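Undergrad: Okay, here's what each chain looks like letter by letter:
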Amino acid sequence: MQSRVHEIRREFDRDLAGARDPEALERVRARYLGRRAGLLTDLLRDLREVPSAGRAAFGKAVNDLKAHVEEALEAAQARLVPGSAREAPIDLTLPGRVQRPGASHPITQVSALIEEIFLEMGYTLESGPEVETDFYNFEALNIPAHHPARDMQDTFYVEGGLLLRTHTSPVQIRTMQKRRPPVRMVALGRVFRRDSDITHSPVFHQVEGLVVAEGITFAHLKGTLAHFCRKVFGKGITIRLRPSYFPFVEPGAEYDISCIFCGGSGCSRCKGTGYIEMGGAGMVHPAVFEKVGYDPELFTGFAFGLGIERIAMLKHGIDDIRLFFENDLRFLSQFPG
Amino acid sequence: MKFSHQWLQSYVSIAEEPARVGARLTAAGLPMDGIETRDGDAVYDFDILTNRPDCMNHLGVAREYAALTEAPLRPPSVSIPAGGRPTREVASVAVEAPDLCARYAARCILGVRVGRSPDWLRRRLESIGQRAINSVVDATNFVLWELGHPLHPFDMDRLVGGRIIVRRARPGERLTTLDGVERTLTADMLVIADGTKAVALAGVMGGAASEIGASTTNVLLESAWFEPVPVRRAARALGLHTDASHRFERGADPEGVLTALDRAAQIIMEIAGGSVTTPALDVFPRPLPKRVIAVRAAPSRRWASRSPPAGTGSGALECRRSAATWSAKQT
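Here the protein sequences line up with chains E and C, keeping their order. Under this note's numbering, think of the first position of the first sequence as 1, with each following residue one higher. Under this note's numbering, think of the first position of the second sequence as 1, with each following residue one higher.
Keep in mind that a hint or two might mislead.
If you only want the chain E side, here are some residues facing chain C, beta carbon under 10 Å, derived [unchecked claim]:
(1) Ala-145
(2) Gly-252
(3) Met-283
No wet-lab data here; the hints were simulated from the structure. From a predicted model like this one, the values you see are computed outputs, not experimental measurements. Where is the CB? At the ideal position from N, CA and C, for every residue including glycine.
Let the sequences and hints guide you as you build the complete structure.
TA: Written out as structure tokens, the structure is:
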């Protein structure tokens with residue numbers, strides 16, 4: 001029987017050498033591997049007639065031959081059939097490619113949450129251009145000409161005296177120019193600063209809120225911020241306002257939340273203070289109202305801002321802001337939303 | 001910015017624990033970043049925002065505390081003995097760029113012996129992380145951290161003709177600053193020059209050539225008011241951020257010029273000897289109008305949902321004015 005194997009091998013080599021086109025090659029394939037009358041197929045069928053003593057050796061010889069035939073046919077195929085040369089062999093036993101469901105980016109998820117909270121309270125959603133003029137980004141916000149925020153070091157200036165907005169506050173101005181009070185708006189969007197380290201990215205996202213009407217007080221501001229922070233971080237959160245300075249509000253404040261890691265008893269995340277900084281806020285400066293033609297004697301308003309990355313970092317315990325912008329699926333896939 | 005509890009106590013009585021002081025000032029707009037204990041003294045780290053240059057010194061923070069607690073403020077008493085040699089006999093001041101320098105005052109202290117400062121002065125400076133250098137330099141630094149007005153002492157014998165000329169730098173003019181770096185200046189920078197050359201970068205840093213050293217015997221003390229924006233531009237352009245530029249950029253008190261000058265002269269005389277010239281030279285080419293800020297109760301009533309108790313606002317202002325009157329600044 002072994003000699004039969006050798007014989008078929010010689011015959012095959014001869015036949016294959018004689019095959020000069022794809023059709024001839026196909027005929028060789030059928031002669032040896034054909035299902036019904038293929039010589040190798042027959043040989044395998046004969047296997048059961050072989051006495052058990054020699055069966056293993058014979059089986060191995062047949063399989064070796066089969067491997068040789070398949071390999072040689074494939075090589076010939078690559079040679080004779082144009083275009084098939086570089087194609088990897090298709091392994092039909094591999095598992096299929098799964099279409100994995102996508103998810104929103106963590107920043108998009110937090111943005112959606114913030115939008116929802118304010119839409120629920122009757123705010124409108126506003127937006128403005130990312131490339132701004134000096135007027136909207138600085139002047140109308142009562143930021144004087146020599147204010148450090150205007151430095152080349154902090155702001156990306158582009159051609160034609162334009163700049164990439166450094167905060168979402170210009171949207172306040174654009175909205176007030178379009179509308180008479182009462183105004184109740186939030187704006188979310190990208191902002192740009194020349195700053196890059198573990199907690200600063202040259203591109204990041206902010207939320208801006210503005211409420212203007214007759215009789216708006218600091219108490220409204222405080223209540224709004226407390227409600228917002230509790231919606232985001234949970235019912236037990238308390239807020240604290242500290243006097244601060246931003247040219248477009250007076251009085252101005254920074255607001256903190258009770259530490260979400262230790263509950264306010266003091267830990268390394270809040271540097272022992274029991275509070276975590278959230279953002280800036282205040283009562284709209286009368287000079288800002290004058291720029292947009294609102295009567296500061298008639299209307300009062302509050303404004304606030306905060307960084308969206310900051311909220312996402314606190315919510316998910318992320319300590320490097322740059323992770324949001326690297327688009328590494330190992331990071332992003334942890335936020336199935 | 002570091003503040004010493006003991007130092008603050010020389011201007012106002014503080015009965016509270018340091019932690020309580022920090023919380024009180026934080027709630028009043030001087031956010032505290034931290035507090036540490038050093039040699040039995042509490043050292044506060046306050047984040048003084050750009051709108052409060054008046055609080056970038058111990059007396060300013062003490063003034064806030066006094067207003068909050070209605071405790072009396074005790075500013076240092078400043079007096080210069082009369083009958084000294086007239087300053088104009090030994091020095092002269094000319095301001096050629098009044099748009100950049102609204103006021104320049106100077107006094108000389110003649111015959112000083114520069115040496116190590118007494119322990120009380122070294123302790124004050126070291127408590128807030130400043131290095132003691134020598135008696136004259138330490139006295140001016142002390143006044144900077146006490147009153148907030150930056151001063152500069154020159155070795156007068158290094159100033160050609162004892163002259164001070166406040167002018168724009170010549171394009172490409174060179175000056176080696178106190179940090180030993182030779183700087184190339186541009187025409188929009190303001191310098192202090194003597195009869196021949198630039199000797200200091202106005203409001204930013206002095207020059208190495210006229211530095212006070214062990215051999216200094218005559219000191220010319222500068223107290224000036226420089227326009228904020230050009231100081232900031234010059235400091236930025238040269239990558240030099242100093243305690244002086246930090247304050248001038250944010251606005252020093254033009255009415256505090258003479259008080260600071262006299263206070264430093266007084267301390268120098270006390271610890272390094274010498275005699276103070278009098279009266280001071282005070283070149284004030286561009287009087288800065290006093291700003292009247294009308295404080296109205298109505299807007300704050302509208303912002304707060306309720307009225308503060310009657311007299312709260314005026315009371316707080318009066319507490320601060322006791323100091324404001326002293327520095328002749330109208331609040």
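Undergrad: Taking the hints in turn, state whether each one holds.
TA: Hints and how they fare:
Taking 10 Å as the C-beta cut-off, the interface hint given for Ala-145(E) holds, the closest approach to chain C being about 8 Å. Annotation: Gly-252(E) was flagged as interfacial toward chain C, and the flag holds, the nearest CB pair being 9 Å apart, inside 10 Å. At about 5 Å, the closest approach between the beta carbon of Met-283(E) and any beta carbon in chain C falls short of 10 Å, and the interface hint on this residue holds.
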